[in-house]
Each structure stands twice: as C-alpha cells, then as structure tokens.
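Student: Sequence:
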Amino acid sequence: MALLVEHTNDEIKTSLKISGSKSESNRLLILKYLFKNIQIKNLSDSDDTNILKKILKERPEKINVHHAGTAMRFLTAFFSIQEDKYHEISGSERMQNRPIKLLVDALNYLGADIRYLNKVGFPPVKIIGKKINKLSVSLESNISSQYLSALLLIAPSLENGLHVNLKGKIISKPYIKMTLALLEKIGVKTFFNNNKIIVSPIQSLKSIVYNVESDWSSLSYFYSIVALSKNSTLRIGNYYSNSIQGDINLIKIYNNLGVISSFENNILCLKKDQNYKLPKKIILDLNDNPDLAQTIAVSCFGLGLSCDLYGLKTLKIKETDRLLALEKELVKLGGNILITNESLHLKKSKEFKSNISINTFDDHRMAMAFAPLGIIKPIIINNPEVVSKSFPNFWKALKKLNFKISEYNSN
Numbered sequence: 001m002a003l004l005v006e007h008t009n010d011e012i013k014t015s016l017k018i019s020g021s022k023s024e025s026n027r028l029l030i031l032k033y034l035f036k037n038i039q040i041k042n043l044s045d046s047d048d049t050n051i052l053k054k055i056l057k058e059r060p061e062k063i064n065v066h067h068a069g070t071a072m073r074f075l076t077a078f079f080s081i082q083e084d085k086y087h088e089i090s091g092s093e094r095m096q097n098r099p100i101k102l103l104v105d106a107l108n109y110l111g112a113d114i115r116y117l118n119k120v121g122f123p124p125v126k127i128i129g130k131k132i133n134k135l136s137v138s139l140e141s142n143i144s145s146q147y148l149s150a151l152l153l154i155a156p157s158l159e160n161g162l163h164v165n166l167k168g169k170i171i172s173k174p175y176i177k178m179t180l181a182l183l184e185k186i187g188v189k190t191f192f193n194n195n196k197i198i199v200s201p202i203q204s205l206k207s208i209v210y211n212v213e214s215d216w217s218s219l220s221y222f223y224s225i226v227a228l229s230k231n232s233t234l235r236i237g238n239y240y241s242n243s244i245q246g247d248i249n250l251i252k253i254y255n256n257l258g259v260i261s262s263f264e265n266n267i268l269c270l271k272k273d274q275n276y277k278l279p280k281k282i283i284l285d286l287n288d289n290p291d292l293a294q295t296i297a298v299s300c301f302g303l304g305l306s307c308d309l310y311g312l313k314t315l316k317i318k319e320t321d322r323l324l325a326l327e328k329e330l331v332k333l334g335g336n337i338l339i340t341n342e343s344l345h346l347k348k349s350k351e352f353k354s355n356i357s358i359n360t361f362d363d364h365r366m367a368m369a370f371a372p373l374g375i376i377k378p379i380i381i382n383n384p385e386v387v388s389k390s391f392p393n394f395w396k397a398l399k400k401l402n403f404k405i406s407e408y409n410s411n
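Residues in the sequence shown are numbered from 1 upward in steps of one, following our numbering.
Treat the hints as calculated values from the structure; they're not laboratory data.
Glycine residues also receive a C-beta, built at the ideal position from the N, C-alpha and C atoms.
Errors might be hidden in some of the hints.
What the hints assert, rightly or not - Cut-off 30 Å, straight-line C-alpha distance, at most; resulting in silico cross-link-like pairs (DSSO-like, lysine-lysine):
hint, residue 1, residue 2
1, Lys-350, Lys-277
2, Lys-53, Lys-130
3, Lys-53, Lys-173
As the list claims (entries may be wrong) - Beta-carbon label-pair distances, calculated as ranges:
hint, residue 1, residue 2, range
4, Lys-167, Ile-208, 31 to 37 Å
5, Met-1, Lys-196, 48 to 54 Å
6, Val-331, Ser-136, 46 to 52 Å
7, Asp-10, Ile-208, 43 to 49 Å
8, Lys-252, Asn-194, 22 to 28 Å
Start from the sequences and build out the full structure, keeping to the hints where you can.
Tutor: Shown next, in the form of structure tokens:
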C-alpha cells in the first residue's frame with residue numbers, strides 16, 4: 001500500500017491534540033507494574049505502548065515485542081528481577097539484529113540470569129528472574145540511553161537501590177533526565193552529577209495520578225509542516241513550557257527555520273514567521289535529540305537549505321539504518337547528501353522532484369518525516385501504516401490540516 005500526499009499550501013489555521021508521550025508512557029507502565037499505586041492518564045496510543053501494556057498485564061512465558069525497541073530493553077530488565085519466573089523475549093527480524101549486549105552484561109553483572117537463545121549480544125533472550133543485591137555497575141554511555149533507563153526504572157525496587165557509573169560521552173541525555181524526573185515525581189530520591197547516577201530504594205508508594213504530557217517527538221512533524229508552509233498557525237493542546245521531554249528543543253531548532261512557538265496555559269501555538277529570513281545553512285549537534293534528525297533534514301531539503309547534523313551515531317541501530325535510509329530517499333527527491341557513521345551533510349538542492357515514492361524501511365519516522373513535503377509538491381509514501389508504531393492517528397491529523405491523502409497505485 002502507498003499514499004499520495006499533497007496540499008494546496010493555502011493558509012492553515014486549526015487546532016489538534018496529539019496522544020501522550022510514548023517515552024513517558026512506557027516508563028510509567030514499568031513503574032506502575034513494579035509499584036502498583038500509579039494511575040496513568042493520557043497514555044500513548046502507540047503500538048509500542050500497547051504492546052508493552054499487554055505484555056506487562058498478561059506476562060506470557062514467550063514474548064514477542066515485534067518492532068518495539070523500548071519494550072525489548074525495558075522488559076529485559078523488568079523480568080530479570082521477577083524472582084523464579086521464566087521468560088523468553090524475542091521480536092521482529094530487525095529487532096533480532098539490534099544490540100542488547102550492554103544491558104544484558106550490566107544486568108548479569110548485578111546478579112541476573114539472562115542468556116542468548118541465538119546470536120550472542122542480540123535478542124532473543126531467555127531470563128530466569130533473580131533477586132539482585134549488588135549496589136553498583138558501570139555502563140558504556142555512548143550507545144543507547146534506553147539501556148540505562150531500563151536499569152534506572154528497576155533500581156528503586158532493588159533492596160539497596162543502584163549506583164551507576166557511566167563511561168564515555170553520554171548519548172540522549174534528556175531521556176535519562178526524563179527517567180530520573182519520573183522517578184522523582186513518584187517519590188524516589190535520585191542523584192545525577194557528571195557520570196554518576198544514584199537511585200535510592202523505595203519500599204512502597206503513596207497513590208499517585210500522573211497525567212502524561214503529549215508527545216514532543218510526534219510534534220516535530222507539525223513544526224516541519226509550519227516551516228514548509230506559506231502561512232500557518234497551529235494550536236496544539238497538552239504541552240508544557242517546563243516539559244521533561246528533551247525534544248522540547250524543537251522550539252529552539254525550528255525558530256531557526258522560521259517557526260515561532262508560544263504557550264497559552266498548556267496550549268502550544270506554532271506560527272509561521274513570514275518576515276523571517278532563513279539562514280543559508282543549519283548546523284546542529286543532535287546528540288541529545290537524535291530522533292529529530294530525519295524531520296530536520298527533510299525540512300531543510302524542502303526549504304532549500306544546507307545542513308550539517310552531528311551526534312547521530314545511534315541512528316544506525318534504530319528500526320532501520322536511518323542515516324542510510326535518509327541518504328537513499330533524499331537523493332531520489334533531488335538531494336545532494338553525504339553521510340558518515342554519525343553525521344549527515346545536506347547541500348542546497350538544485351531540484352525537488354515531485355511524485356517520488358518514498359520507501360519507509362519499516363520505520364515510522366521515515367514516513368512521518370517525509371510526509372510534510374506534500375505541502376510543497378505531491379509525494380508518495382510507501383508502507384504508510386508504519387506510523388502506528390508511535391502515532392496511529394498521523395494521517396487523520398494531516399487531513400485535519402487540509403492535506404489531501406489518497407491511496408496510490410503505481411499500476
């Protein structure tokens with residue numbers, strides 16, 4: 001299946017609401033099933049969150065997380081401390097090629113019993129739950145913050161809590177801070193300074209109701225739409241100016257692309273600055289926000305800008321090799337792009353081809369990052385249903401913004 005995405009690029013003025021943050025929701029679900037007394041409102045409606053919720057509720061011995069990388073990492077840690085319980089965790093073919101060795105090594109060092117069923121360092125794994133008593137562990141911090149967050153989420157339920165010593169430059173630090181902020185909000189004492197993190201143990205929680213803020217990562221596509229439009233104003237509910245989500249950096253990033261952000265209570269207003277003179281080049285270190293790279297690169301292409309994006313090492317082990325995928329699809333559109341193992345360099349394009357079919361490589365962010373280009377020229381998105389991984393209502397939201405979306409058949 002493919003969708004043809006197009007737009008008249010007339011004035012867009014509308015309001016919409018985006019589901020709760022997938023990152024917050026998944027962390028809160030683990031905490032809810034560890035400590036019971038947490039009620040979650042505005043839970044994400046993403047596939048990843050629904051998969052995690054179902055598994056935590058049913059707890060089958062054999063588990064398939066499909067494409068849900070967060071669920072893979074968080075459940076590995078969660079089930080490692082369920083004493084005397086046996087579980088096997090597997091996933092899609094791509095998941096079985098996404099590394100998990102650093103997390104498994106750390107958990108086994110602490111006293112867990114996790115073994116590989118096929119290839120060493122990769123899912124699937126089998127787990128026999130153990131009581132963990134060790135106090136401290138060291139962890140490489142330049143791969144994926146999800147490994148660390150998986151450990152931090154179980155830390156307050158351990159008898160002695162946990163001390164984590166991080167080695168190397170920390171990747172995606174805002175996601176680590178988000179995990180610690182959620183722990184603090186439920187009453188857990190934490191400490192994070194330089195490369196040392198301490199999480200204190202807690203025996204029980206008072207009842208807490210937590211309202212999940214809407215997802216900033218999903219908001220990135222609407223920033224892109226406003227930037228690429230001639231004149232747009234969007235009002236989007238349930239966003240906080242003091243958000244614990246690191247992708248709030250969108251405000252600063254897209255200000256450089258002509259989008260003005262303002263808050264009215266908890267409503268975020270995005271407005272195209274028609275008097276803004278765009279720079280010739282955007283240079284960004286996305287070490288803290290690598291998931292925004294696809295959207296930013298596509299926005300720059302659509303605006304006819306050059307960009308140099310750094311800090312993208314983790315993109316190679318996501319749902320697909322996102323750097324390679326970006327290179328392939330932007331070149332098809334007329335882009336002039338160079339990638340390395342951890343950076344992307346886009347030169348100002350001389351042409352922008354219309355009606356090009358974009359392959360999504362089973363990656364939700366590829367579909368959603370390229371779709372906004374339809375506001376300039378018609379674009380075809382292959383395998384569009386992949387958006388359900390994080391944003392099931394994405395295409396409905398675009399229709400609300402007067403995008404024309406229709407099924408496309410190349411035959």
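Student: None of the hints should be skipped; say for each whether it holds.
Tutor: Okay, the hints, checked on the actual structure:
1. Among the hinted pairs, Lys-350 with Lys-277 is consistent with the structure: their alpha-carbon atoms are about 20 Å apart, no more than 30 Å.
2. For the proposed pair Lys-53 and Lys-130, the alpha carbon gap of about 22 Å is at most 30 Å, so the pair holds.
3. As the CA atoms of Lys-53 and Lys-173 are separated by approximately 25 Å, the hinted pair is consistent with the 30 Å bound.
4. Distance hint check for Lys-167 and Ile-208: the Cβ-Cβ separation is about 34 Å, which falls inside the suggested range of 31 to 37 Å.
5. Under the hint 48 to 54 Å, the C-beta atoms of Met-1 and Lys-196, about 49 Å apart, fit the expected range.
6. For Val-331 and Ser-136, the Cβ-Cβ distance of about 47 Å falls inside the hinted range of 46 to 52 Å, so the restraint holds.
7. Under the hint 43 to 49 Å, the C-beta atoms of Asp-10 and Ile-208, about 46 Å apart, fit the expected range.
8. Checked against the given bound of 22 to 28 Å, the beta carbons of Lys-252 and Asn-194, roughly 24 Å apart, stay inside it.
In summary, this structure violates none of the numbered hints.
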